[in-house]
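Please model the entire structure based on the sequences and the hints provided.
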Amino acid sequence: MIRKKAWFLILTLLLFVIPLTALLLQSLSAPWRFHTGQGLDWGWQGYAILFENPQLWEATFISIGIGFAVLFMNVTIGLFTGKALVSYAYRGKAWLEALLLSPILIPSLAIAMGLHLFMIRIGLADTIWGVMLIHLVPTVPYSIKIFHNSYQQMGKAMMEQPHILGAGFWTQVFTVELPLLRPAIRSLTFLTIVISLSQYALTAIIGGGRVLTLPLVFFPFLDNANTSIMAAFSIWFALIPLSMYIIIEVLMMFLPYSRLPWRNHR
Amino acid sequence: MTQKKLEMKNITKTFHQDKILSELTFHLEKGEIMSIVGPSGSGKTTLLRILAGLEKPSDGKIIMNGKDITKQKANRRSISLVFQQPLLFPHMTVKENIVYGAKVSKKYKEEKVDSLLEAIGMVRFQNHYPSEISGGQQQRVALARAMATEPEVILFDEPFSSLDPSLRQDLRYWVRDFLSSRETTAVFVTHDMEEAMIMGDQIAVFEDGNFQQIGTAETLHKSPANLRVASFLGGHLILNDHEFAPLHDVQVGTKKTVEDGVNFQATVEHITYQHGRPIAHLYVIDLKKKVSLPFDGTFPSREVQVTIPTDSIRTFSGETL
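Protein chains in written order, with the numbering used here: chain A, 1 to 266; chain B, 1 to 321.
Honestly, I wouldn't trust all of these hints.
[Said to hold, decoys possible] In the DSBU-like style, the derived pairs of lysine-lysine whose C-alpha atoms are separated by at most 30 Å in a straight line are: (1) A:LYS145 with A:LYS93; (2) A:LYS83 with B:LYS71; (3) B:LYS56 with A:LYS93; (4) A:LYS83 with B:LYS4.
Please keep in mind that the hints were generated in silico from the structure rather than gathered at the bench.
Shown next, in the form of C-alpha cells:
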C-alpha cells in the first residue's frame, strides 16, 4: 500500500507537477539559460507578446465556439447511436460497430481531402460550419464508443424501467439516462474539446485559413526561439479546455436529480 | 359479478423458429392474483414482457377492460412490472424514486407517496439513496414505485429470487397482504412452488410454452393434469405416462408392507431436514426416478422397499383448467 502510494507520488511529480511548474515558471520569466549560472529573470514579457497578437482573442473565441458545437454534436450523435447499439439486436452488428469506428482507422487527412471537394461543392468550404463538421471525423467514433459502453454498463433493464413506469422517450433521456451518463459526458468533454482544439491540418484545409482557430495562430510561434512566449501560449491553450470543462460541469448540475448540497435533505 | 380485467387470446411468440409461447389463452379477474410457475427457461419471463408491452407477440391478442391493447406501447399500458432486480434509479433518493413513478404516470399526489412510504416502512429512510439501503428494502421501494403508478395490473418477475431466504419469506407475506388490501390484479412469476402457493389464488404450471394446468394448490396436488405437472410439483411418485401415486400414500420399509399393492426396490441416497422433520431422498431403481419424502424413525439399511397400495394409484386428470 505504502509502496503504491510512493509510486503514485513519484509518477505524479515526474510527469505532471514538475513539468507543469517548469512551464509556469518559464511563462513568467525571460528564457532561462541555466549554463550562464544566472537565476530566473522574472517578467510578464511572454504574456505581453502573446496578448499583443491581434488575432489571439478572435482565435480563442472561435476555437471555444467550435469546441462547444463539436461537443454538442458529439453528445447528440454518440448518445443516440450508443443507445441504439445497445437496444437492438440484429445481424451484422459487429460489422456496423467496426464501420462506425473506421474514421479513426483511416488517416483523417485522406478523409479531409475527399470531403474538401464535397464541401466546396455544397458551399461549406472556408466556413465555420465546414470546420465544425470536419472536426466530427476524429471525434465521433470515440463518442459512439464511450456512450455505447456506458449504456451497456447501465443495462437494458435499467432503460426499460422508466418506460414501464410510463415515461416517454425524452423524459427518460433527461431524467434517467443523462444523469447516469454523467461520467461519459465528462470524459467526452475533455476528449472532444482537446481533439477539436488541436486540429491544425483539418482546420487549415477545410477552413482555408479563413476560419481562425488557436492552432493556426500557435503554429507560426513554433519557429520562435523565445521559450517564454511558447510557455505562455501553452498555458493559455491549456486553460481553454479546463474552463470549458468547468462550464460543462456547472451545466450538468442543472440535470434533474443532481446530487447538490442544497438538495440533500439529510 | 366478476369482471374480466386482463385477457390473453392465442398468444404465440416465435424467436428464430423456436416457439416460446404457443397459443396461450387465459384471463384474470379484478383483484385476482395468479402465480405462474415453471422451470427456468420455459418462457415465463417472455410471457410477462409481452403482457407489459416490452415485447411484441408474433400472434394473438391482449385485451384489458374489453379493449385490445396488443399494439399499445409499454408506457401507455396501465400495467407495471417489478423485475428480478429492484432497478431503483441510483441518482434518486427513496422518496424521489417513488415520486418519479407517480409523476411519469401523471398520478402524483403528495399524500399517496407518503402513505406508500409508510406502507413499506421506509419513512425513516426516505432521503437515503438506494445504495444506502438493504436489498429487501430496495425491493420494497421498487414495489412502492410500481404501485405509485396506480397500475390496473401489476406483474412480478421473480422479485425475491435475489434475497436471502428469511427475508424472502417475510416479503412474500408482506407483498401478498399489500396486494390484497388494495385489490390489485397481479401476475406473479416464480420457479419456486412454495412461493407460487403463498402468492397466488390460482397457480398456473407453465412449461413448453403453454399452461399445463391452472388451478388452486389443492386441485393441482389432488389431480395433476399430466406427467409434467406432477413431476414439477414433486408431491407424487410417477409410475408411468398415465399413472401416479401421491407421496403420502407411499410406504417405505425393509420389506413389502401391504399385500395388495405395487412394490419397488429403492436406495436411500441422502437424508436432509425440513420443517424439523427428516426427509429421505430415495432412488427408485425400477422406475429410475428420485423421490423425496418425510419419514419417522431410521432405515436399517440403504436398500429399502417402496410399496404403493393399489387403491392409491391414480390416473392423470388431463384437465388443464
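Structure-based check of all given hints:
no. : hint                  : result
1   : A:LYS145 with A:LYS93 : holds (14 Å)
2   : A:LYS83 with B:LYS71  : holds (23 Å)
3   : B:LYS56 with A:LYS93  : holds (22 Å)
4   : A:LYS83 with B:LYS4   : violated (38 Å)
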